[in-house]
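Trainee: Letter by letter, the chains look like this.
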Amino acid sequence: MSNINDLIIIGAGPAGLSAAIYGGRAKLKTLVINKGSIGGLVDTTREIVNYPGYIQISGPDLMKDFENHAKSFGVEFLKGEVVNVDFSRENKIFITKKGEEFIAKAVIIASGSEPRQLNIPGEKRLRGSGVAYCATCDAEFFEGEDVVVIGSGDQAIEEGMYITKFAKKVTVIVLHDEGILDCNKVSAEKAFKNEKMEFVWNSTVVEVLGDENVDGVRIKNLKTGTLSELKCQGVFFFVGMVPSTGYLKDSGIKMNEKGYILVNDQMETNIPGVYAVGDNRVKYLRQVVTAASDGAIAAVAAERYIEEINSFNSSVLQSDKKVLLLFFNAYLTESLEFSSLLEKLNGEKGNDYKIFKVDLASKKFLAEKYAVKTAPTVVVLDQGKEMMRFEGLTEKEKLEARFY
Amino acid sequence: MSLQQLDTNLFEEIIYDNAEPCLVIFSRKNCHVCKEVLPMLEELKPRYEGKFGFYYVDVEESKNLFERFSLKGVPQILFFNHGMYKGKVAGKVDEDQVEEKIAEVLGA
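Chains as they are written, first to last, in our numbering: chain G, 1 to 404; chain S, 1001 to 1108.
One should not assume that every hint holds.
To be verified - Below 27 Å or equal to it, Euclidean Cα-Cα: the simulated DSSO-like pairs (lysine-lysine) are:
| no. | chain 1 | residue 1 | chain 2 | residue 2 |
| --- | --- | --- | --- | --- |
| 1 | G | LYS258 | G | LYS283 |
| 2 | S | LYS1101 | G | LYS168 |
| 3 | G | LYS258 | S | LYS1092 |
| 4 | S | LYS1063 | G | LYS97 |
| 5 | G | LYS124 | G | LYS29 |
| 6 | S | LYS1063 | G | LYS196 |
| 7 | G | LYS64 | S | LYS1029 |
| 8 | G | LYS71 | S | LYS1029 |
| 9 | G | LYS98 | S | LYS1088 |
| 10 | S | LYS1063 | G | LYS231 |
| 11 | S | LYS1051 | G | LYS124 |
| 12 | G | LYS249 | G | LYS196 |
| 13 | G | LYS98 | S | LYS1063 |
| 14 | G | LYS165 | S | LYS1045 |
| 15 | S | LYS1045 | G | LYS98 |
| 16 | S | LYS1063 | G | LYS283 |
| 17 | G | LYS79 | S | LYS1086 |
| 18 | G | LYS223 | G | LYS249 |
| 19 | G | LYS64 | S | LYS1088 |
These are computed hints drawn from the structure, not numbers from a lab.
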């Protein structure tokens, strides 16, 4: 494994693996850095029934297929945790927890999300001693016992039903009025019919009780403000997710107030060559199929970006001739006329310069690299170094006087 | 370096008969947090070669062991010395927490 790559993908959930498939197929030297299990959150999903082409499959099985697919295109995988990044230059730098350093031209951030904690008294202290976040992992430790589930989304209700296979009773604490759950209708109907499921409405859990192990929860009724205690041996928290983007807080990447990364249609962040896909970006629907879609888009966008950088480096920065780097605006006639004028003049003078045209709108990374704001702007480069620049429209005579 | 797996008999032998200072992670195959914690222990193990043992119990295969310690979830790392239980750390723990606990067990 080399430390220098075309593309580095952080995270190996469905978004990261899809990006890896597209990156590998495009013959980019692609490295996936992943701290946990391959498949991310999907790896904890027992049953997936809405990924096209698979009527029913387990999360781990589906992710194994994704992984094998990526490996078939030569993608490399590294188990590690990225703790620091430097995206300020063209070569992006990554530092792992073990202190290894990796470099890539482009990066796709697919680090996903993690369960939100309520941060109520007892939650952290009794974690693993009755406080749990994963039913697949821990449900069976509560055989014949009383369990409380906090939350009413898809995960809370579906996992809650799974826990009833082991527990004596599952009590779901719901914020809303009686009969209202946040989960899908099919699951809600099933849950209401499940004899082992009970619901406490208009309520939230304010404390987990117990010394060595959980022995109950304190529940607050939000309408009346009354507090009550409920005996139980287990509490499962399913109160939503938070993006795993903490390690990027000093990277300069724009995020919203919750830490989700902002991207455009091409999955581009505000930093050229840096893309964000899957659950860690702001989006409407967080499913395997949309994660896969994100990954594909980002990898194609990254491929084009890398291609542009490579072609720029070879034809401009390593050019024997001096280069006129012309930033123009394809939508402005004057800008286009100026472009032909410059080419014509250069032709008349025996092509002393190599002209490299850059559309200001589509090659943002070059505009940023040279801090160009207006079109037309001409930057004169000699051996890749800027010698001078001119902004705005210029008449032929003046151009001639300046350059020749 | 992968951790040696213990069944009930080996557990008795290593923890109580040999009474060596060691840790045992109780884990299972389909638990994603375990898959993050286990590799961390595998990396840590060589640094404690000959000083502190690192072992693994699969709770699905050795149900009686997790019942004995009335565990409520995986992963859990249990610490032992002189055949005595010296406490545990649960859930998604990092290297520092494990090393701290090892130092505590060895120092006591």
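Trainee: Each of the hints needs a verdict: does it hold here or not?
Mentor: Hints, one by one, checked against the model:
{"no.": "1", "hint": "LYS258/G x LYS283/G", "verdict": "holds (13 Å)"}
{"no.": "2", "hint": "LYS1101/S x LYS168/G", "verdict": "violated (35 Å)"}
{"no.": "3", "hint": "LYS258/G x LYS1092/S", "verdict": "holds (22 Å)"}
{"no.": "4", "hint": "LYS1063/S x LYS97/G", "verdict": "violated (34 Å)"}
{"no.": "5", "hint": "LYS124/G x LYS29/G", "verdict": "violated (41 Å)"}
{"no.": "6", "hint": "LYS1063/S x LYS196/G", "verdict": "holds (25 Å)"}
{"no.": "7", "hint": "LYS64/G x LYS1029/S", "verdict": "holds (15 Å)"}
{"no.": "8", "hint": "LYS71/G x LYS1029/S", "verdict": "holds (22 Å)"}
{"no.": "9", "hint": "LYS98/G x LYS1088/S", "verdict": "holds (25 Å)"}
{"no.": "10", "hint": "LYS1063/S x LYS231/G", "verdict": "holds (25 Å)"}
{"no.": "11", "hint": "LYS1051/S x LYS124/G", "verdict": "violated (31 Å)"}
{"no.": "12", "hint": "LYS249/G x LYS196/G", "verdict": "violated (44 Å)"}
{"no.": "13", "hint": "LYS98/G x LYS1063/S", "verdict": "violated (35 Å)"}
{"no.": "14", "hint": "LYS165/G x LYS1045/S", "verdict": "violated (37 Å)"}
{"no.": "15", "hint": "LYS1045/S x LYS98/G", "verdict": "holds (15 Å)"}
{"no.": "16", "hint": "LYS1063/S x LYS283/G", "verdict": "violated (42 Å)"}
{"no.": "17", "hint": "LYS79/G x LYS1086/S", "verdict": "violated (31 Å)"}
{"no.": "18", "hint": "LYS223/G x LYS249/G", "verdict": "violated (38 Å)"}
{"no.": "19", "hint": "LYS64/G x LYS1088/S", "verdict": "violated (33 Å)"}
Hint compliance for this structure: hints 2, 4, 5, 11, 12, 13, 14, 16, 17, 18 and 19 are broken, all remaining hints hold.
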